[in-house]
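There are 2 protein chains.
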Amino acid sequence: VILTNGEIDAIAGLLSMREGWPFTIYAHEKVLATLKSNSVFNVLSEKNVKRQAIAIDKAFEPALPDGTPSGIEILPFEVTGKGAWYLEGERREGSEAAGDTLGLRIRDKTTGKFFFFIAACAEVTDDLKSRLKGAALVFFDGTVWRDDEMIAAGLATKTGRSMGHISMSGEQGAIAALAKLGIERKIFLHINNSNPALLHNSEERRAAEQAGWQIPADGTEIVL
Amino acid sequence: VILTNGEIDAIAGLLSMREGWPFTIYAHEKVLATLKSNSVFNVLSEKNVKRQAIAIDKAFEPALPDGTPSGIEILPFEVTGKGAWYLEGERREGSEAAGDTLGLRIRDKTTGKFFFFIAACAEVTDDLKSRLKGAALVFFDGTVWRDDEMIAAGLATKTGRSMGHISMSGEQGAIAALAKLGIERKIFLHINNSNPALLHNSEERRAAEQAGWQIPADGTEIVL
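Listed in order, the protein sequences are those of chains U and E.
First residue of the first sequence: 1, per the working numbering; consecutive thereafter.
First residue of the second sequence: 1001, per the working numbering; consecutive thereafter.
Same shape as in the complex, but just chain U (with noise of 0.2 angstroms):
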């Protein structure tokens, strides 16, 4: 299990995961250390679960269950976002945001093919333009269409920039920004429920997919 932030949506599932069952958690040690004051993890023993600590753009290769190397190397790199929200008003060592969220280049050694998981990313930097440039294949923050969806719709005060997401649409969002990269395969992932691109008939899904993007189903596999 690769954790790319510290956010509930994004660390809630490994309490169901099953106790005896081995494997090992990568996150930064930021995460790591949340998982650590949050005694609710401990179900997860560390006889069983091992949890290991990943930087920004140091290129790993998790392991097998049994300790074999998964021939698959992660790039973990910075993207620009949050903290945790949960979090807020808690005392942060530095004022730096790094390791808050993470982006994965995931490569197979073998092939050599590789893919971006950016499951939550507030901007598009040139630094990110410049990585997901010619990729053949790119997951990416697809939250919410449109940045105050939520407040409009009466579901919550928070716009989609301060909860750390990038809106799909507008001049700023993520359609026009992965727009002229050369991107052969664009998804975008962590859809809300408020987003009406998620509908299958609206005219936000007819616009994302009319701009090259594609709104997975579930159970949707991919193969690169």
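Be aware that a few hints might be false.
Claimed, not checked - Covered stretches of chain E (in silico footprint by chain U; criterion: 3 or more residues with CB under 8 angstroms from a CB of chain U, positions within the stretch not fixed):
1) 1025-1038
2) 1147-1161
3) 1208-1214
Claimed, not checked - Pairs of lysine-lysine, DSS-like flavour, derived with a Cα cap of 30 angstroms:
4) E/1036 to U/47
5) U/113 to U/180
6) U/50 to E/1082
7) U/36 to E/1109
8) E/1158 to U/47
9) U/158 to E/1050
10) E/1036 to U/30
Calculated from the structure, these hints are not laboratory results.
A quick note: this is a predicted structure, and the numbers were derived from the prediction, not measured.
We treat Cβ as the ideally placed atom computed from N, Cα and C, and that holds for glycine.
Keeping the supplied structure of chain U fixed, place chain E upon it in accordance with the hints.
Positioned in the frame of chain U, the structure of chain E alone reads:
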């Protein structure tokens, strides 16, 4: 939301509640302390989600989100159990286990009808028998069929008893213990996926049903 113990399966669902929706968490102060010490539960902000301590043998009437009384009286009572196992090894304030595991008597104040909800129970004591005697409906801990089934299946190294759960079968089991109390309707819940009574065509299912118990299907609706 009424929490009857602090185990993961009792509290993890809180993390799936919509953040902005107002409701109240009712729980023993031990369980509230666990929630407080685990920062992940701060996603349920105190602004929207009140946390209300309940006490053994003190009836209370939950309020609806708008503050009006629900018309339902809840009586929490002590049942034999154990502390949440992920807290094992932590310093406890006393040697008593009181409050670790609660049963509930849930009563409609208008009609006077009531039923019992007991999702975890290590032993059917005489006190518990006298409470349940003649009840119209009892939901009862059906975690395991026999004490060592998880070990026998290679799923875990723990017995049902060591997890605070009585077995369905056997001389000391729930079926035998609740057999002669004149309970009108008995329904097992909290059934582990190792329990063969979950299988529609198993001998164990047949034995439970012949003994007057129901293994409910998902979505079952019950009218008292």
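Take the C-alpha atoms of residue 1036 of chain E and residue 30 of chain U, compute the straight-line distance between them, and say whether it is at most 30 angstroms.
20 angstroms, holds
Below or equal to 30 angstroms on CA atoms is what counts here, so check residue 1158 of chain E against residue 47 of chain U.
15 angstroms, holds
Residue 1036 of chain E paired with residue 47 of chain U [C-alpha distance capped at 30 angstroms]
26 angstroms, holds
Do three or more residues of the segment 1147-1161 of chain E come closer than 8 angstroms to chain U, measuring C-beta to C-beta?
This one holds; 3 residues, not fewer than the three required, reach chain U with a Cβ under 8 angstroms.
Between the alpha carbons of residue 113 of chain U and residue 180 of chain U, is the straight-line distance 30 angstroms or under?
21 angstroms, holds
Examine the segment 1025-1038 of chain E for residues whose CB is less than 8 angstroms from any CB of chain U, and state whether their number is three or more.
Three-residue rule met by the segment 1025-1038 of chain E, so holds; n is 3.
Taking only the CA atoms, is the gap from residue 158 of chain U to residue 1050 of chain E under or equal to 30 angstroms?
At roughly 21 angstroms apart (the allowed maximum being 30 angstroms), residue 1050 of chain E and residue 158 of chain U satisfy the hint.
Restraint status (C-alpha distance of residue 50 of chain U to residue 1082 of chain E at most 30 angstroms)
27 angstroms, holds
Can you confirm whether chain U covers the segment 1208-1214 of chain E, using C-beta to C-beta distances below 8 angstroms and requiring at least three such residues?
Result for this restraint: violated, n = 0.
Keeping to a limit of 30 angstroms between CA atoms, is the pair of residue 36 of chain U and residue 1109 of chain E held or broken?
Violated. Residue 36 of chain U to residue 1109 of chain E sits at ~44 angstroms, over the 30 angstroms cutoff.
Hint check: violations occur at hints 3 and 7; the rest are consistent with the structure.
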